[in-house]
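Place chain Y on chain D using the hints.
Residue numbers (numbering that gives the first Met the number 0), protein chains in the order written: chain D, 0 to 136; chain Y, 0 to 111.
Honestly, the hints are just simulated from the structure, not real lab data. Just so it is clear, the structure is predicted and the values come from calculations on it, not from any experiment. A virtual CB, placed ideally from N, CA and C, is assigned to each residue, including glycine. Be aware that one or more of the hints could be misleading.
[Unchecked claim] Pulled a few chain D residues facing chain Y out of the computed Cβ check, cut under 7 Å:
(1) D17
(2) V18
(3) T19
(4) M41
(5) E49
(6) S52
(7) A100
(8) L101
(9) E103
(10) S104
(11) R106
(12) G107
(13) L110
(14) M113
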Amino acid sequence: MNAAVGGHSLDLACPPDDVTAVHAFLATVWDTEPTVSAEDRMALELALVELTSNVIEHGAAGRGVSCSLHLDVGSDAVEAQLTDDGVPVPVDPSAAQLPDALAESGRGLALVQMVVDDLRYERVADRNLWTVRRGRH
Amino acid sequence: MDIVVHEADAGAAVLECSGRLNMVSAPTFRETVAKVVGDGRPRVVVELSGVEFMDSSGLGALVGSLKAARQAGGDLRIAAPSDQVEMVLKLSNMDKILRTYPDGDAAVTDWA
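Just chain Y, same shape as in the assembly:
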């Protein structure tokens, strides 16, 4: 998978992801979020419109990253999930834990 980090407002970043979030890419995803949070941007938006496949390894990476963001005083939000990602979020009930926004800008702007 590819991850492009966009530094948004102070303390926030949008991670534009594409490809697959599975057991192959999950470690890279976790490391990328950890670095963004460690660099002082604990409000993390994960933009998923370009992710055509996510599985339980990907969900685990999202949950781990959510915890890392919250421990640093921030949070993690999902933006623009594809149909497949939305299916997996719903089946796993993670749509109740991870707040989903229509796009990256909406997720960042709403952060008060």
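Chain D on its own, in the form it takes in the complex:
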């Protein structure tokens, strides 16, 4: 795990790293970006932990996964990119919907969609790239 505060970047090697590192990283980002509202922090923490959880759970394919998270805090919006070297993702994130009420999984991407203004997924070379943007409130 490698965190460069100021550039707001975090590199993870999972395992042994897990989403705990994302929570800790965001806490340091908010410390250096005190103008980001509590509402925006809650939304972005949920979105980025959900996306990282998906990468760890589905992208690792039994051999572990490396990922990098980059955050740009602008005056109007916060943008984040998450890239990983895992297997390609066979879902259309824009079509993510909440599952049945008693389902025990499948809510992650739907929740991300609700708390960001833009969610995109691309396969770039041999990496997955997730991009999220949330206008600041």
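Using the frame of chain D, we list chain Y on its own:
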């Protein structure tokens, strides 16, 4: 996350949770509820005032635990959700499935 189990009335328990309910802690949460239910306390109250973060992994663990409690003739209730937990319950519509009480005592006392 930390979970402290308080044995309430016969058949009921209050699980006082703190920390984060995410993919790291969800398995422990499920195991703890399964043990409480298996030990004869199928009426489970999950007290969440100290949980500063919950995500879809946490929701999945709550739903799985709700099913386990109901299969044993009980139920699962939420008490005192933090702002973040309340946001996630509302966004996911799970606030319609999981009954929420202001605190652990209210959730247990009301159980007839």
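(request) Report holds or violated for the interface hint on D/L101, using the least CB-CB distance to chain Y and a cut-off of 7 Å. (result) With Cβ-Cβ at 6 Å, under 7 Å, it holds.
(request) Go through the hint on D/S52 and say holds or violated, using the shortest Cβ distance to chain Y against 7 Å. (result) Check passed: Cβ of D/S52 comes within 5 Å of chain Y, closer than 7 Å.
(message) A closest beta-carbon separation below 7 Å is what the hint needs, so does D/V18 meet it against chain Y?
(response) holds (6 Å)
(message) Less than 7 Å between beta-carbons is the criterion; does D/A100 satisfy it with respect to chain Y?
(response) holds (5 Å)
(message) Does the closest beta carbon of chain Y sit nearer than 7 Å to the beta carbon of D/R106?
(response) This hint holds: D/R106 lies near chain Y, its Cβ roughly 4 Å from the closest one there, short of 7 Å.
(message) Quick check on the hint: D/D17 CB to chain Y CB, less than 7 Å?
(response) Cβ of D/D17 sits 5 Å from chain Y, so the hint holds.
(request) For the hint on D/S104, just tell me whether its beta-carbon gets within less than 7 Å of chain Y. (result) holds (5 Å)
(message) Tell me if the interface restraint on D/M41 is satisfied: Cβ within less than 7 Å of some Cβ in chain Y.
(response) It holds, given that the least Cβ distance between D/M41 and chain Y is near 5 Å, below 7 Å.
(message) Can you verify the interface hint for D/T19: is its Cβ closer than 7 Å to any Cβ in chain Y?
(response) Hint on D/T19: holds, closest Cβ of chain Y at ~6 Å, below 7 Å.
(request) For the hint on D/L110, just tell me whether its beta-carbon gets within less than 7 Å of chain Y. (result) holds (6 Å)
(request) Report holds or violated for the interface hint on D/G107, using the least CB-CB distance to chain Y and a cut-off of 7 Å. (result) Holds, about 4 Å.
(message) Take the shortest C-beta to C-beta distance between D/M113 and chain Y; is it under 7 Å?
(response) Cβ of D/M113 sits 5 Å from chain Y, so the hint holds.
In terms of the numbered hints stated before, the structure departs from none.
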